[in-house]
Each structure stands twice: as structure tokens, then as C-alpha cells.
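For what it's worth, numbering that gives the first Met the number 0 labels the leading residue of the sequence shown as 0, then goes sequentially.
Be aware that one or more of the hints could be misleading.
[What the hints assert, rightly or not] Think about it this way: if two alpha-carbon atoms lie no more than 25 Å apart in a straight line, the pair counts; the simulated SDA-like pairs of lysine to any residue are:
#1 K33 <-> S131
#2 K33 <-> P92
#3 K116 <-> P170
Since the hints were derived computationally from the structure, they do not count as laboratory data.
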Amino acid sequence: MKPKTNVKPSRRPKLDSTLIESGYAPIFSSWIDKRDSMHYDKRNIPYKFKLLYCSSRDGFNTASFHKNCDNKGPTIWIAKIQNSNQLIGGYNPLDWGGNCNWKNTTDSFLFNILDSKNNSTAKLGPINGSGSYAICCNNNHGPQMGNLYCPNSRNWTYNTSGTYYSNVGIPENFLVECYEVFQVIKL
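Modelling step: build the complete structure from the supplied sequences, incorporating the hints.
Rendered as C-alpha cells:
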């Protein structure tokens with residue numbers, strides 16, 4: 000009879016994404032835990048990222064976004080800017096539930112990835128100050144955060160003054176090709 004061992008499998012990240020590779024999971028996890036200088040190793044990621052919404056699969060409209068993402072707890076979203084390799088996104092540590100209200104938090108962030116094929120181009124944009132106006136929950140908008148306006152269309156805008164979030168090079172006006180939202184689950 001063979002002795003039984005309790006060896007835990009490594010936490011290999013897997014992102015069910017059409018936009019980004021699993022290599023970004025350690026970066027996102029490190030940003031969530033505010034480990035700016037020391038990123039997690041890909042084998043020891045403390046989060047699972049479960050795909051809740053994909054605009055190319057579920058429809059590019061706010062009704063589908065809210066149906067799939069409201070009241071699911073913390074999420075991270077990623078959007079591809081049309082005709083480029085640039086990705087932008089953000090982390091909402093709260094939830095998307097509610098209508099026409101702002102939620103305050105100092106744990107949210109935006110990010111910009113200039114080249115989706117090169118994770119060294121990823122830049123973190125933390126919330127500024129007290130965290131006021133960090134997350135906007137509005138049934139007529141997508142994942143709106145601070146200066147980033149995401150209406151029920153592909154035309155998104157960003158106020159580059161950096162009032163709510165640090166400016167990390169997100170363009171002022173751009174078209175979104177598609178976007179995905181992942182539930183962030185602590186392991």
C-alpha cells in the first residue's frame with residue numbers, strides 16, 4: 000500500500016481571455032495586494048480570475064455588463080483599444096451593484112498596457128487622495144471609474160487631468176474593440 004501525501008497543486012494562473020495571456024495574472028494579483036516592487040510568482044497567485052462578461056460573447060451593451068457583473072464582488076476589467084495592441088483596465092474591489100451612485104475606496108486602480116504582447120509595458124494608476132468618486136455604478140454605463148467615462152457605446156473618454164486616478168497614458172478619446180470583466184476570487 001502506497002502512503003498518501005497531501006501535496007497541493009501549484010496555483011497556475013489561467014485567464015479565460017481573448018485579450019490577454021495568463022502571464023498578467025501575477026501582475027494583477029500583485030497590484031491588488033499593493034506589492035508594487037515584488038510581484039507574485041506565477042505558481043503562487045492568491046486569486047482566481049473568473050470570466051463574468053465578454054463583450055464579443057455577451058453583447059456590447061451596458062445591460063449585458065450589469066446582468067453579468069452586478070453584485071459579484073471584486074472585479075478586474077480589461078478593454079482593447081481599437082486598431083492597436085493597447086489595453087486599459089481597472090480593478091473594482093467593491094462591486095458594480097447600485098444605480099446612479101459613486102462608491103469610495105482607496106483600493107481601486109486603473110492600468111494601461113501599451114503593448115499587450117509585452118507585460119513590461121504595464122503601468123499602474125492608483126486612486127488619488129481619499130478615494131472619492133473611485134467607482135461609478137450606473138445602469139447606463141459600463142465599468143466607469145473616476146475620470147474614465149464608459150457610456151453604452153464603443154466611444155469611451157478619459158479626463159487626463161488625473162483628478163481621481165494617476166495619469167498612466169490612457170488616451171482622452173478612443174474606441175473600444177471589446178472588453179472583458181473577471182471576478183476576483185481570493186484562494
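Here's how the hints hold up against the structure:
1. The straight-line distance between the Cα atoms of K33 and S131 is roughly 19 Å, inside the 25 Å bound, and the hint therefore holds.
2. With a C-alpha separation of about 12 Å, the suggested pair K33 and P92 falls inside the 25 Å cut-off, and the hint holds.
3. Distance hint between K116 and P170 is fulfilled; the C-alpha atoms sit about 19 Å from each other, no more than 25 Å.
Violated hints for the displayed structure: none, as all numbered hints are satisfied.
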